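Chemist: Please model the entire structure based on the sequences and the hints provided.
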Amino acid sequence: MAAQKLGSQVFVLDDGFQHLRLRRDLNIVTIDATRPWGLGHLLPWGRLREPRRELSRADCIVITRADQAERVAALREEIGGLVPNKPVFTSRMIVRGFRCIKTADRDMEERVAIARPVAAFCAIGNPASFTMQLQSVGYESVSTTVFSDHHRTPRPTSINLSGRQRSQALRV
Amino acid sequence: MTTAKDAVKLHDLCIELPCYAMEIEISIDDEARFWSWFSAAYLASAVKTEDQDCTPPALTRLSRKVTSELPQAT
Numbered sequence: 012m013a014a015q016k017l018g019s020q021v022f023v024l025d026d027g028f029q030h031l032r033l034r035r036d037l038n039i040v041t042i043d044a045t046r047p048w049g050l051g052h053l054l055p056w057g058r059l060r061e062p063r064r065e066l067s068r069a070d071c072i073v074i075t076r077a078d079q080a081e082r083v084a085a086l087r088e089e090i091g092g093l094v095p096n097k098p099v100f101t102s103r104m105i106v107r108g109f110r111c112i113k114t115a116d117r118d119m120e121e122r123v124a125i126a127r128p129v130a131a132f133c134a135i136g137n138p139a140s141f142t143m144q145l146q147s148v149g150y151e152s153v154s155t156t157v158f159s160d161h162h163r164t165p166r167p168t169s170i171n172l173s174g175r176q177r178s179q180a181l182r183v
Numbered sequence: 606m607t608t609a610k611d612a613v614k615l616h617d618l619c620i621e622l623p624c625y626a627m628e629i630e631i632s633i634d635d636e637a638r639f640w641s642w643f644s645a646a647y648l649a650s651a652v653k654t655e656d657q658d659c660t661p662p663a664l665t666r667l668s669r670k671v672t673s674e675l676p677q678a679t
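Chains as they are written, first to last, in the working numbering: chain A, 12 to 183; chain L, 606 to 679.
Simulated from the structure, these hints should not be mistaken for laboratory data.
Since the structure is predicted, the reported quantities are computational estimates derived from the model, not experimental observations.
Using N, Cα and C, we set each Cβ at its ideal position, and we do this for glycine too.
A portion of the hints provided could be inaccurate.
[As the list claims (entries may be wrong)] Below, a sample of chain A positions facing chain L; criterion: calculated Cβ distance under 7 Å:
1. 103
2. 129
3. 133
4. 137
[Unchecked claim] Below, in silico cross-link-like pairs of lysine-lysine (DSS-like), each with a Cα-Cα straight-line distance of 27 Å or less:
5. 16(A) <-> 614(L)
6. 610(L) <-> 113(A)
7. 614(L) <-> 113(A)
8. 16(A) <-> 610(L)
Modeler: What follows is the structure in structure tokens.
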């Protein structure tokens, strides 16, 4: 559909690795350094989609969130043991800026003039990484609401801010 | 504050407080080495698929572009 309607010629797929029937040019496998082996078990007991040995099908491995984890060198060594001849890269997530949701404004600000503190909510696989990323750019969350990954309507029904904190936030 | 992934589901959000999505991007530590690997790996893959007449032109252009933009090895 994207090829027909939008003229797309390059496709980058999330979770495409285990889609064995899918024809692909390259397999770039990302491994989250903060929880690399998904509790050590395959779904549903863990988060692994396939056994570790299947990494041999990867063309390269990118360790993500390397700045948020300890023992990255050990992880790299472990990956090297599983796939000795594949290139392994490390990476980190960088905050580009903040976009106002309510105004649907497409402009992005490097820093939002937000009165601290802030409340955070999300429905992603690694919510701790999100709050850590917020902290890294100076926003300490006093209230964090976590929904299950891929939740269809992740919206906070109650935000745990004191009256003073709420009035600070509204003063922006 | 929420993530950009969640923000796409919140176009009709009704909340009195200001609400922002944090936009992030991945930064590969040794980017030049990554692009060097990518160019070589993609070209090798393109050679395999060329016989089947399905080489995506955009990837060919991208590969040439990143190769030309790679920092010179020191």
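Chemist: Against the structure, test the hints numbered earlier, and report the numbers of the ones violated in rising order.
Modeler: 4
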